[in-house]
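Q: Start from the sequences, fold in the hints, and give me the full structure.
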Amino acid sequence: MKRHATTRGGAWGFVVLGLLFSAALPTTEAWAQTPTARSFGVAVFTPTASTTSPLAVLPTDGSMSDASAPNVSVANFVGADNVFATATGSAGSAESNATLENVSLLNGLITANGVMALASSALTGSAAISDAAGSLLDNLVVNGASIASDVLPNTRIDLPGLGYVVLNEQTLTGDGVSSSGITVNMIHVVLVDALTGAQTGEIVVGSASSSVN
Amino acid sequence: MSTVRNLGPLFGAVAAMMLAWACERPERAVDSHAAKPRFWFGAQCPAAKMTGGGRIDAPLGGPEKNPPASHQFQTFGAHVISDGLAPDGTCPLKGQLEWVDHRDEMRVNGRPLNLHSEQITFVEELLEDTCKDGALHWGGRLVEKNTGEEYDFEVFDCDNGEPGAEQDGFNIALSGPGESLDGYTLNCPSPPSIHPDNICTLTGGNRQFHPTH
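Those protein sequence lines, which keep their order, are chains A and B.
Under numbering that gives the first Met the number 0, the very last position in the first sequence is 212; numbers go up by exactly one each time.
Under numbering that gives the first Met the number 0, the very last position in the second sequence is 212; numbers go up by exactly one each time.
Source of the hints: derived by calculation from the structure; they are not laboratory data.
Beta carbons are placed, not taken as given, at the ideal position from N, Cα and C, and that holds for glycine.
Certain hints may be false.
Sample of chain A residues lacking proximity to chain B, with all beta carbon distances greater than 12 Å (derived) [unchecked claim]:
#, residue
1, 44
2, 75
3, 105
4, 107
5, 108
6, 168
7, 197
8, 212
From the structure, some residues in chain A lie toward chain B, with a derived Cβ separation under 10 Å [claimed, not checked]:
#, residue
9, 81
10, 88
11, 126
12, 128
13, 148
14, 209
A: The structure is reproduced here in structure tokens:
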């Protein structure tokens with residue numbers, strides 16, 4: 000009787016393992032097409048701080064994720080109010096967005112009234128496309144200089160003694176036929192050691208990414 | 000009494016005409032209150048899915064963006080998934096809506112209006128020629144996160160091809176039981192919106208209709 004029960008227990012173990020394994024596997028649809036989407040308000044990576052908040056990542060079941068915070072602050076690096084992040088998608092499409100207000104970086108060296116990052120990717124049947132349409136920088140000031148809200152993608156401005164900032168940074172991936180992706184970082188500060196030139200940290204404000212294949 | 004008897008055949012004829020009209024036109028027209036979209040609706044509980052998110056610039060709700068400093072825009076993420084009618088006649092639904100209205104006049108204690116769905120209760124086809132890839136009318140119950148008030152909501156969800164910016168459409172309408180936002184919807188006349196019936200045109204992002212999934 001005892002051995003019989005043990006055998007049955009082993010069988011149940013296999014069933015449970017099988018269920019767990021099958022649950023971990025993507026669906027057939029997910030195998031065929033895997034959209035990704037991710038957005039966040041603020042990310043800081045330095046020797047003294049490492050944080051990403053709020054963060055939304057498209058779940059593997061292709062539904063939706065969202066996160067928000069009344070304010071985000073990393074002392075001496077960045078602060079922002081009313082931060083929202085959303086990531087959505089399904090087979091053949093993905094979209095994410097992040098919005099922030101009252102943004103200040105590096106103790107006021109860079110300020111903006113509003114920041115919005117939008118990333119969108121889709122398969123059209125004959126092509127794979129991505130864009131950052133709708134992204135914005137509102138009343139951006141960098142080191143005392145006002146920057147137009149329609150700043151060109153990947154505009155770089157030096158920050159003497161600190162490094163540089165890339166505005167409306169857009170990175171495209173994929174072949175444009177069967178795959179496509181985009182990451183847009185509206186404000187991307189790269190901190191550089193003034194003596195050695197080595198990168199010492201990064202600050203990203205308003206990031207959205209999406210991809211399809 | 001004799002008058003009623005004489006009208007009997009007339010009532011019968013009218014009833015027969017109405018029945019014939021209904022059989023010829025499976026859709027039903029909904030004439031809701033002034034600012035809410037008006038549509039022909041098709042099958043209820045179709046097996047379908049709509050995903051994505053984006054940005055609307057209402058008012059005016061056309062394909063052009065409002066000035067950044069105006070805060071006249073909304074951002075959102077939304078998805079709905081329907082497997083179609085179940086054998087028992089029910090309509091199992093999954094979905095989510097996250098909605099942020101950044102307009103100054105919609106703020107509560109300095110925070111943008113933030114709506115989040117609690118339950119999705121219906122979906123039906125939305126018949127609109129300007130939504131060439133498909134459209135859905137769906138909704139349920141949501142909560143205004145700023146105040147905790149609950150509302151019934153419906154969204155008018157339009158996929159008009161790729162990319163979504165300047166092509167796809169979306170709008171939302173609220174009704175009680177909450178009071179302060181009862182009747183809330185966006186005003187998106189056409190033109191400038193490329194869609195009729197008060198569907199707003201996306202200025203960023205994408206809506207993706209999946210006829211089956």
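Q: Run every hint past the structure and note whether it holds.
A: Hints and how they fare:
| no. | hint | in the structure |
| --- | --- | --- |
| 1 | 44 | holds (26 Å) |
| 2 | 75 | holds (25 Å) |
| 3 | 105 | holds (22 Å) |
| 4 | 107 | holds (19 Å) |
| 5 | 108 | holds (21 Å) |
| 6 | 168 | holds (17 Å) |
| 7 | 197 | holds (36 Å) |
| 8 | 212 | holds (15 Å) |
| 9 | 81 | holds (6 Å) |
| 10 | 88 | holds (6 Å) |
| 11 | 126 | holds (8 Å) |
| 12 | 128 | holds (6 Å) |
| 13 | 148 | holds (5 Å) |
| 14 | 209 | holds (9 Å) |
Comparing the model with each numbered hint stated earlier shows that all of them hold.
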